[in-house]
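Q: Spelled out, the chains give:
There are 2 protein chains.
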Amino acid sequence: MNILLTLAVIGGTGKEGKGLAYRWASAGYRVIIGSRTAEKAESAAADLNEMLGAEAVEGLSNFDAAEKADILVVSVPYSAHKSTLESIREAAQGKIVVDVTVPLVPPKVTKVQMPEAGSAAQEAQSILGENVSVVSAFQNISHEHLFSDRTIDCDVLVTGKGKDARLEVLKLVKAAGMRGWDAGVIENSMVVEGLTSLLIYMNKQYGSKSAGVRITGLKQGKK
Amino acid sequence: MNILLTLAVIGGTGKEGKGLAYRWASAGYRVIIGSRTAEKAESAAADLNEMLGAEAVEGLSNFDAAEKADILVVSVPYSAHKSTLESIREAAQGKIVVDVTVPLVPPKVTKVQMPEAGSAAQEAQSILGENVSVVSAFQNISHEHLFSDRTIDCDVLVTGKGKDARLEVLKLVKAAGMRGWDAGVIENSMVVEGLTSLLIYMNKQYGSKSAGVRITGLKQGKK
Numbered sequence: 000m001n002i003l004l005t006l007a008v009i010g011g012t013g014k015e016g017k018g019l020a021y022r023w024a025s026a027g028y029r030v031i032i033g034s035r036t037a038e039k040a041e042s043a044a045a046d047l048n049e050m051l052g053a054e055a056v057e058g059l060s061n062f063d064a065a066e067k068a069d070i071l072v073v074s075v076p077y078s079a080h081k082s083t084l085e086s087i088r089e090a091a092q093g094k095i096v097v098d099v100t101v102p103l104v105p106p107k108v109t110k111v112q113m114p115e116a117g118s119a120a121q122e123a124q125s126i127l128g129e130n131v132s133v134v135s136a137f138q139n140i141s142h143e144h145l146f147s148d149r150t151i152d153c154d155v156l157v158t159g160k161g162k163d164a165r166l167e168v169l170k171l172v173k174a175a176g177m178r179g180w181d182a183g184v185i186e187n188s189m190v191v192e193g194l195t196s197l198l199i200y201m202n203k204q205y206g207s208k209s210a211g212v213r214i215t216g217l218k219q220g221k222k
Numbered sequence: 000m001n002i003l004l005t006l007a008v009i010g011g012t013g014k015e016g017k018g019l020a021y022r023w024a025s026a027g028y029r030v031i032i033g034s035r036t037a038e039k040a041e042s043a044a045a046d047l048n049e050m051l052g053a054e055a056v057e058g059l060s061n062f063d064a065a066e067k068a069d070i071l072v073v074s075v076p077y078s079a080h081k082s083t084l085e086s087i088r089e090a091a092q093g094k095i096v097v098d099v100t101v102p103l104v105p106p107k108v109t110k111v112q113m114p115e116a117g118s119a120a121q122e123a124q125s126i127l128g129e130n131v132s133v134v135s136a137f138q139n140i141s142h143e144h145l146f147s148d149r150t151i152d153c154d155v156l157v158t159g160k161g162k163d164a165r166l167e168v169l170k171l172v173k174a175a176g177m178r179g180w181d182a183g184v185i186e187n188s189m190v191v192e193g194l195t196s197l198l199i200y201m202n203k204q205y206g207s208k209s210a211g212v213r214i215t216g217l218k219q220g221k222k
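As you go down the protein sequences, you meet chains A and B in turn. Residue numbering for the first sequence follows numbering that gives the first Met the number 0, beginning at 0 and increasing consecutively. Residue numbering for the second sequence follows numbering that gives the first Met the number 0, beginning at 0 and increasing consecutively.
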């Protein structure tokens, strides 16, 4: 693990982003929570530091967080996806941006409805430009599991621009205590984003809150 | 299980279709193999009857097979998808059509590339019309497993038009010895079809031939 990397979780005051920030800070990463206002980010960072018993997390505005970090993680409701990405575009140049966003369209969140670009990740790539490596991951992980120490019975499928960037994000998956798989090019992100709608539907149908997915038939070591 | 149902496997001379036909015939269903020519269908049926040690499978032209059966299963290469559906359209009216087709676009089969309609299943629905219930299933099952008696370590996600039709297809999944899940509306099929490209990619990356997917966190009984 590269312990010198700094991660910014843009939209890190939401449940999913805050949970990921918690796990990475626990694993020794320097983590910055970003939010639209620095005050909200500082408040979320203070919560996490209390949980962690250490001053491990900092809170800044989204732009400042993005500028200061090596890898950016975007975890925002889909309605804020475009505007958030535009607001950090300059700060993101040359970096890896991990897009956690699921393009749910309420009220029909159990029906797959992809944006024009094909997926949220492709939309992000188009907004941020070719000098950024957008990698998509973590869309199928329920935030409810992130603050517990129990094993998360769900794999993380990592898709995105460039194999090196995907491998870097696979390190973050492992650091967060999950099992990840390199699942190919950014066009494959629509499957992983869309799968969230199927999991929400199945949760409702089968009376659960924790549907997840595991890949079978593969061994982690083999590459 | 409704033992009086007759299943037609359109394109049943291919590996996937033939494997499914084998499993259903083993489970006691009346199965008809359909092919572009009756001769090829008869030959595949004869193979299966020899394996089964019984005269359980019949071979007919695609149209005759479709006309004689209660439920149609379409398992053809994507290049033959549209023309095959058009050729059975009249015979399919009022029936359930299970679409197994994966819209792979060679040579880039590890990259998700959905058709204009959104997915192969939606394309099928559009060709067959509103009087047919298109249900999509089995796209992630490797044909190599179908002729063995070993447990298939891969779930079947069932999406499609109408909950009753999906439940009917879930019975076929169970009869074929697999675990199935109702995964919602036909628009969700793109995820399941596309997942096949991710599994092919992961097989290559991780040195396997049998990547599959399992749903976690749900119980079958609860509905």
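Bear in mind the hints are in silico, worked out from the structure with no lab data behind them. Watch out, some of these pointers could steer you wrong.
Any copy, or any two copies together, can satisfy a pair, since identical chains are not distinguished.
What the hints assert, rightly or not - Mimicking BS3-like on lysine-lysine, the simulated pairs with C-alpha atoms at most 30 angstroms apart in a straight line are:
id, residue 1, residue 2
1, K170, K208
2, K67, K208
3, K218, K67
4, K110, K39
5, K203, K39
6, K81, K218
7, K173, K208
8, K14, K67
9, K203, K170
10, K39, K218
11, K162, K39
Q: Is it within, between, both or neither when you check K162 against K39 at 30 angstroms Cα-Cα?
A: Close neither inside one copy (35 angstroms) nor across copies (44 angstroms); limit 30 angstroms.
Q: 30 angstroms Cα cut-off: does K14 pair with K67 within a copy, between copies, both or neither?
A: Classified as within; 22 angstroms inside a copy, 54 angstroms across copies.
Q: As a check of your reading, is K67 near K208 (CA-CA no more than 30 angstroms) within one copy, between copies, both or neither?
A: neither (36 angstroms within a copy, 43 angstroms between copies)
Q: How would you label the pair K110, K39 (within, between, both, or neither) given a Cα cut-off of 30 angstroms?
A: Classified as neither; 32 angstroms inside a copy, 40 angstroms across copies.
Q: Between K203 and K39, at a C-alpha cutoff of 30 angstroms, which is it: within one copy, between copies, both, or neither?
A: Answer is neither; intra-copy 33 angstroms and inter-copy 45 angstroms both fail.
Q: How do K39 and K218 come out at 30 angstroms by Cα distance, when the copy is not named: within, between, both, or neither?
A: Neither way: K39 and K218 sit 42 angstroms apart in one copy and 39 angstroms across, limit 30 angstroms.
Q: Should K170 paired with K208 be assigned to within, between, both, or neither, using CA atoms and 30 angstroms as the limit?
A: Both: 27 angstroms inside a chain and 25 angstroms across chains, each within 30 angstroms.
Q: Checking K81 and K218: alpha-carbon separation at most 30 angstroms within a copy, between copies, both or neither?
A: neither (37 angstroms within a copy, 37 angstroms between copies)
Q: Indicate which option fits the pair K173, K208 if close means a Cα-Cα distance not exceeding 30 angstroms: within, between, both or neither.
A: both (23 angstroms within a copy, 24 angstroms between copies)
Q: Is it within, between, both or neither when you check K203 against K170 at 30 angstroms Cα-Cα?
A: between (33 angstroms within a copy, 20 angstroms between copies)
Q: Please sort K218 with K67 into within, between, both or neither, judging by C-alpha distance up to 30 angstroms.
A: neither (36 angstroms within a copy, 45 angstroms between copies)
Hint compliance for this structure: hints 2, 3, 4, 5, 6, 10 and 11 are broken, all remaining hints hold.
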